[in-house]
Amino acid sequence: MIYQGKQKIWADYQKEIPDNHWFYVRSCIRQNFFPGAEKMFLEICREVLKKDFYETEYHTTCGGIAYHCDTIPQETVMTIVARQFSLMTEAGYENYVASCITSFGNYIEILETWREFPEVETRIREMLWKACRREFNKPKYVAHASDLIYKYRNEIASRAKFRLVNRFTGEPLRVVEHIGCHYSKMFPSKGVGGAEYPYVLCGMIESWGGNVIDYPERRHCCGYGFRQYHVKANRGYSVSNTYKKFESMAPYHPDFILTNCPGCPYFMDRWQYVIAETEGKTYGENGYGIPVLTYEELASLVLGYNPWDIGLQLHQVAVEPLLDKLGVEYDPSEKYKGLNEKELSRPELPGVLRCC
Amino acid sequence: MKENIVIIGGGIAGLEVAVQLLDLGYKPIVIEKRDRLGGHVADWNLLFPDMIPARDVVGNLIARASEANIFLNTEISFVNKLKDSYNIMLSNGISINTRIIVMTTGFALFDAAKKEEYGYGVYDQVMTNKDLEHWFNTGDDKRVNDSAMNAVGFVHCVGSRDEKARNPQCSKVCCITAIKQAIELKQRFPEAMVYCFYMDLRMFGKKYEDFYINAQRDYGIRFIRGRVSEVSENIDGRVIVKAEDTLSGKPVKVTLDLLVLMAGIICNTDSTRLANMVSLPIDSDGFLKSRDNVAEIIESPRDGIFYAGACTGPKTVPETLAEARAAALKVHLFIKGLK
Amino acid sequence: MDFGFKISPSSAINLDNVDLTKFEELHRMEPDVYKCMACGSCSATCPASPFSGMSMRKVITALQRGKEKEAVAMLRNCMLCGKCSMVCPRGINTRHLILSIFRIYREDGK
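Residue numbers (the working numbering), protein chains in the order written: chain A, 863 to 1218; chain B, 3 to 341; chain C, -19 to 90.
Don't read these hints as lab results, they were simulated from the structure.
Hints should not be assumed to be uniformly reliable.
As the list claims (entries may be wrong) - Pair ranges (Cβ atoms, derived): (1) 27/C - 205/B: 29 to 35 Å; (2) 51/B - -9/C: 37 to 43 Å; (3) 1203/A - -9/C: 26 to 32 Å; (4) 2/C - 1095/A: 49 to 55 Å; (5) -1/C - 283/B: 55 to 61 Å; (6) 27/C - 51/B: 37 to 43 Å; (7) 4/C - 143/B: 26 to 32 Å; (8) 1170/A - 147/B: 50 to 56 Å; (9) 252/B - 1186/A: 41 to 47 Å; (10) 147/B - 865/A: 16 to 22 Å.
Here a beta-carbon is modelled for each residue, glycine too, at the ideal position from N, C-alpha and C.
In isolation and in its complexed conformation, chain A is listed as follows:
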């Protein structure tokens, strides 16, 4: 691998990301998958970095999943998005940041469509007005939330309590990065680092002290894919793709996987359980799996937040071995305590995949 060759490509795909004043929209599914992630994003941006992030309870889904599952036409998605933009306009913001990769891809695709076919935009404006008497300005800038953590990565590094270094060996942690497909595969120029060698997560890992692993199936789908998983008959196909990725990364012995998409961390996390049950295979050390983190969770860990406050107990694959390597202190007895300090019920431990 020629690192300078990648740097040359990364230099071609850099974005001028505005520093402050963002209108934040959440993902439909992330709040169920890894609920700590979005909370921590706002916490870090607002409380640690003192930036202005606005969010409103009136925003809805972007319609992306339904659009990609072919259950609603593009005009409907566009009108939903137009309404989101009108909320942003109403709140007085021009920079729009999405938590979800599919939303991000959706917004970019729609804005590009409107740029190419202004008559479509005109029609959507009329539809939005008819539907709910709203008007909107298009955002000046659309970012994905990982773009912002990427932008703030060095600032976060300067406040970091932990580096991505194995404290037992002193070696940098080996990190697999996985980018959501809708981040830059549709519009390579809209993603930091482009589509073939995306840099957005690599930049965070490098800045926080880890080593990025580039393995043969790095570009491969995580296995989610709306039409794969959501159609029950296709679930075998979904897990097969995940299996292919794990088989390919296994020889590199990654310490953890970093992702920036709603579906990827969820499926790479949960399918490890299914692969363990059906194939008897586990990919971490000593029967554990490979922890899969979102970039917000990782930023929070690096900044020294309590792992149980950022929702790491919702991972299927035990994160404890990683916490030990990082030197993060945690109280195992606190893992399943609710906010009111009451013990919640503990999940049943799987048979093959070792968990805590």
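Assemble chains B and C onto chain A, guided by the hints.
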């Protein structure tokens, strides 16, 4: 004969035009931007179909053109159009008045790094057709490891027949070059598996089909019809290539010790820059536009400006030489007609 | 545990794992087998092809991709009429080739 004739480009086209004009009694001027003559061919090792050394072809041309006025390391700064002639200002400060310009500006190789998915410049074991010729010439390239050459692949059409690479046309010579290079590698590494990933094999020239049959039957080179979709690097630094074997209708993958990208032929940006200076049109394929593409390929739409070689599109060496001779004759007739 | 779905085997051909020992043996007997350029004349003219799926072109490709059983199964429909030899532009003696294939791949021929 004091008539100035300016030949722009000192590759084989420019040299052959100069040789012919010298034989006709003229004293042409050859302008070459690099510090040596011979252009792309001088970087090549052996030439198909007879496997003669490129060095001999180029050396012979240089020797025979030595009486011409040759300016190396010289670029065209600007060209002024006068009433029925041109004033050419060179980067070395010399200015030339001429009625006759022969464009022998040649081509550029497609930058294989632009096909990011193939990993040229990113993966250790990926090289181009040009790099391989360099290795044939010098034996100097750490990507070729004599002790570990078990599997080698050639990717045809890199930056050719590719609308996304903004180069929809065929580069013409890469199919036969790939087969030539595959055979040469197989001769050096007889135990290696050699694969060619192709979309079509365009064996149009004299003895090319024989070459292809040779590669199949005598060298056992494996031809896989399918365009390589992506390349990655595995843990020991070898490359994994994915394509579809369209003949079996199945995805195919293979691990290789070396991958050679057949970088295509695109128009030289210097040609386009010069064309703008003298208001020459560019054809839809990006190359210089001829008066017509059947009978007058070597004539530009402007009186006194002629073309030879790959500035009007991908060409083989014999085609280029033939055009150069024809262009020299055109120049001669042009001068006679005016006098 | 049965989830109602499982990991599907990959249909991709991995050339790293294809054992070509028998094909090399075939090649020694029939050097012309490498000359096939997959034009399909043989399959187009084959009287057995429309009814049985027999295709000489596919057989030659399949043998090189390690799909020996598939190839031999196809060949079982051959009536050795020799029309394919007549049309092959590369002059491959396909009839002779078929007999050689049977000789070499016999054990796997079930």
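Evaluation of the provided hints:
{"no.": "1", "hint": "27/C - 205/B: 29 to 35 Å", "in the structure": "holds, 31 Å"}
{"no.": "2", "hint": "51/B - -9/C: 37 to 43 Å", "in the structure": "holds, 39 Å"}
{"no.": "3", "hint": "1203/A - -9/C: 26 to 32 Å", "in the structure": "violated, 54 Å"}
{"no.": "4", "hint": "2/C - 1095/A: 49 to 55 Å", "in the structure": "violated, 38 Å"}
{"no.": "5", "hint": "-1/C - 283/B: 55 to 61 Å", "in the structure": "holds, 58 Å"}
{"no.": "6", "hint": "27/C - 51/B: 37 to 43 Å", "in the structure": "holds, 39 Å"}
{"no.": "7", "hint": "4/C - 143/B: 26 to 32 Å", "in the structure": "holds, 30 Å"}
{"no.": "8", "hint": "1170/A - 147/B: 50 to 56 Å", "in the structure": "holds, 51 Å"}
{"no.": "9", "hint": "252/B - 1186/A: 41 to 47 Å", "in the structure": "holds, 45 Å"}
{"no.": "10", "hint": "147/B - 865/A: 16 to 22 Å", "in the structure": "holds, 21 Å"}
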